[in-house]
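There are 2 protein chains.
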Amino acid sequence: MGKIRIINLQRSVFEDNDLDADRLRDSLKKRKVFYVNVMSSPGAGKTTTLIALINRLKQDFSVGVMEADIDSDVDAVKVAEFTGCKSVQLHTGGMCHIDAEMSRQGLKEMGDLDIVFLENVGNLVCPAEFDAGAAMNVVISSVPEGDDKPLKYPLIFEKSELVILNKIDAMPYFDFDRNEFEKGVRERNKTSTIIEISAKTGENIDKLTKYFKDKIIEWRGYYA
Amino acid sequence: MGKIRIINLQRSVFEDNDLDADRLRDSLKKRKVFYVNVMSSPGAGKTTTLIALINRLKQDFSVGVMEADIDSDVDAVKVAEFTGCKSVQLHTGGMCHIDAEMSRQGLKEMGDLDIVFLENVGNLVCPAEFDAGAAMNVVISSVPEGDDKPLKYPLIFEKSELVILNKIDAMPYFDFDRNEFEKGVRERNKTSTIIEISAKTGENIDKLTKYFKDKIIEWRGYYA
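First to last, the protein sequences are chains A and B.
Heads up, the first sequence is in our numbering, so the first residue is 90 and it goes up one at a time.
Heads up, the second sequence is in our numbering, so the first residue is 90 and it goes up one at a time.
Rather than coming from a laboratory, the hints here were simulated on the basis of the structure.
Heads up, some of the hints might be wrong.
If chains are identical, the list can't say which one is meant, so a pair holds when it fits in one copy or spans any two.
Unchecked claim - Under the rule of at most 30 Å between Cα atoms (straight-line distance), these lysine-lysine pairs were calculated in the DSSO-like manner:
#1 Lys304 to Lys167
#2 Lys167 to Lys248
#3 Lys289 to Lys272
#4 Lys272 to Lys121
#5 Lys289 to Lys119
#6 Lys272 to Lys167
#7 Lys304 to Lys248
#8 Lys248 to Lys121
#9 Lys279 to Lys167
#10 Lys175 to Lys299
#11 Lys296 to Lys175
#12 Lys248 to Lys272
Start from the sequences and build out the full structure, keeping to the hints where you can.
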């Protein structure tokens, strides 16, 4: 395993992030880089999920990961170690989210891969407010957090077309009502897909992989 | 159970939050209101912990709770229902934290109680950056989140004199290394207290209650 590159992000100077995000999205489309923004609470299992998913996807695609964190490089090291894929650490210097210009600073290091995952800062509030320029927004919720998260953090569920419910192996030990959770998700987004997984046991990782493969093929088709 | 009062917070206009927070702290000292800022990730168990704690503390003190949330009033309703104590819901209108002026807007509704708890927005990043004017900062971490949280969210552990580790009843089902967690906490704060609890089973809630009682008596002593 090589050394992990750490990028200290600069605060964005661009005034209109939405416009900048659209511009980044267009440029990535032209380069056929499928950029995925993965958001969640701290400890919902972003890194473990990405490792499990990438180890399947890398058989068909070139994949890279950008790990955003306030501090530390443990996630980037872990991803590189367990997937062998290109992984960089983005240090936000205290900032609670990643926007389009910060994405660009990281993507410059990645080159033209088929898929680049952004593991956003663990936070259900701020990342939802800033369009990172991704082709797809994903939120990971986990069973121990409880079924009321869509109720309390509406925007992130509104913005995410894929909701991954992780740690379903822990379902017997927590009071988690699947119907309540789904009802909450539906209130925020009528069309998003919910996939239940356990990144730890590997349950439904095949299903998740298939979802991503189909998505990428569909996305490429539009711009072929 | 009466109706829950919802306060839609106004964005603060005061420029220097640190100065404003000191001012609020002084005024609360004079009024002998012990104001406690409780922070954590979404779903770490702030509400359940507060309910268990308040049901003990209310035997000796008058207690109130301010529940900060982007949306919904489920927590304030729950606290009122299960403790009978005064509870208000603070709606942040998308804001990711509570600062001193926002605290003041809520505290106005509470009157002069012995203890007022603020359940801050579920977020390990932003709330740590804004001094809420509290006499005491508390962070709740939970076993399912993993033992690396102090490593990844340094500021909140630096600012908190009490670290509550919740959901220890789930310890057998997760890879959580107590030594790693404590090492991480110590790197951020050499003097903070760590108390392990299960708000669900009630384990160590007596210990936590004693900690708070001692703290309040000590704090009152200083300004008696």
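Quiz item: If you check each hint against the structure, which ones fail?
Solution: Of the numbered hints, 4, 5 do not hold.
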